[in-house]
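Protein sequence lines correspond, in order, to chains P and D.
Sequential numbering of the first sequence, starting at 1, is according to our numbering.
Sequential numbering of the second sequence, starting at 1, is according to our numbering.
One or more hints might be untrue.
Which copy? The list can't say, so a pair holds if one copy fits it or any two copies do.
Cut-off 25 Å, straight-line C-alpha distance, at most; resulting in silico cross-link-like pairs (DSS-like, lysine-lysine) [what the hints assert, rightly or not]:
#1 K42 <-> K11
#2 K11 <-> K41
#3 K58 <-> K194
#4 K58 <-> K41
To be clear, the hints were calculated from the coordinates, so they are not data collected in a lab.
2 protein chains.
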Amino acid sequence: MEVRVILVEPKNEENIGAVARVTKNFGFSALYLVNPPNIGKKAFSVASHASDVLSACKIVNSVEEAIADSAIVAGTTSKPGISVNRHLRMPFFSPQELKKKVEDKRGILSLLFGREDVGLLNEELMRCDIVVCIPTNLGYPVMNLSHAVAVVLYELRDVRADSGELPLACLEDKERLFAHISMFLDEIEYKDYKKEKTALMLRRILGRAELTAREVQTLRGILTKAERKMGEDEP
Amino acid sequence: MEVRVILVEPKNEENIGAVARVTKNFGFSALYLVNPPNIGKKAFSVASHASDVLSACKIVNSVEEAIADSAIVAGTTSKPGISVNRHLRMPFFSPQELKKKVEDKRGILSLLFGREDVGLLNEELMRCDIVVCIPTNLGYPVMNLSHAVAVVLYELRDVRADSGELPLACLEDKERLFAHISMFLDEIEYKDYKKEKTALMLRRILGRAELTAREVQTLRGILTKAERKMGEDEP
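Modelling step: build the complete structure from the supplied sequences, incorporating the hints.
Next up, the structure:
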């Protein structure tokens, strides 16, 4: 896969420089910044010999823009889920498990890293196919931003753009499927208070499943058929 | 094993703070600094909630002092060896291989990380039992100091002080053995131009073998017996 490092609203330009450096250290180059601060001398000084990666970074205004053409979106968090009943951070993967999941796939793997203080927001985590949590010590689980990037890229170092076999569905296709599922839940009069939770659970399941474009099409076909059938039954 | 992080002559106090933080992130606490700069507000700011690790760090004047009571000394380098004929950086281990070597052992594992600009000096690498090299990209292999620490500690995160079974020989015992070997090479009139290289090769072999105290004693016993025998044969 093609690995893309996305920093969501980083505050500290030194961290951005440090991330550029470690991105190059592990042989990657695609760096996206969502609403970053001004990138000045300090960032370039910390980036050291990775000024090329830093200069070529893409600055965007939203997470949506950064992940638009991704095959898999993985969000990182220092707080793993604790209950299987809450799907936001569950199940979560270690960086090693992420590697195993993606190494035979093809497409863009977007890695989302959140703000230095509050990480990724819940709505950002909801957009992710996979949640990644670095196994740290409970006494102090919150890593420095660039350290978290370092550990994840270290595990992914052998994942290369041309290594995978299986072409995955693009994000747009999947989002259409998820919207379809959400509509379907309305149509079957799924209880409102459970709807959001179940939709998120389905997103997690299908995210982990790494659907191909064909599979997405088939799933939508099933939904459409069911909808037609329901229409027929209406009085 | 008990993991000890040793920074050799770090120049940048932010790096020291970042190392303190990631040391705590992975559940470790022993931090030694050889001739560090003044540790001030900046270091504590970067250390964040690991100010306890930073406050408790030991400042020493030499690598010898830092590694004195170690069972295994592992030195890190961004330049792996390229020729098996040069023993200084060869064979080298990945952080993962280091973990496998130490996980069932007992004693102090000293991890040496060198200066930001020139790393560890050759004479410091010579003192190491094991050379560790993080697999990075040839295009830019030199990692930021705290990133290198992050990756090695990430791999070692499950290695705990009380986990190992096998008590290893302490450094003093091993140094006595190495001195004995060196003396022995003189006694057998080993050619001067090859002596240093062979001594380093033996150090690497015996370092990787992770000798127990008893094995060190036995090896020295063999040398002593051979010396006596040679003495008898003298005219």
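Now the hints, each set against the structure:
Taking the shortest alpha-carbon separations for K42 and K11, both the intra-copy value of 13 Å and the inter-copy value of 17 Å come in at or below 25 Å. For the identical chains of this complex, K11 and K41 are neighbours both inside a copy (15 Å) and across copies (20 Å), given an alpha-carbon limit of 25 Å. For the identical chains of this complex, K58 and K194 are neighbours neither inside a copy (38 Å) nor across copies (55 Å), given an alpha-carbon limit of 25 Å. With identical chains, the CA atoms of K58 and K41 are at most 25 Å apart within one copy only, with a shortest distance of 18 Å there and 33 Å across copies.
When held up to the earlier numbered hints, the structure conflicts with hint 3 and nothing else.
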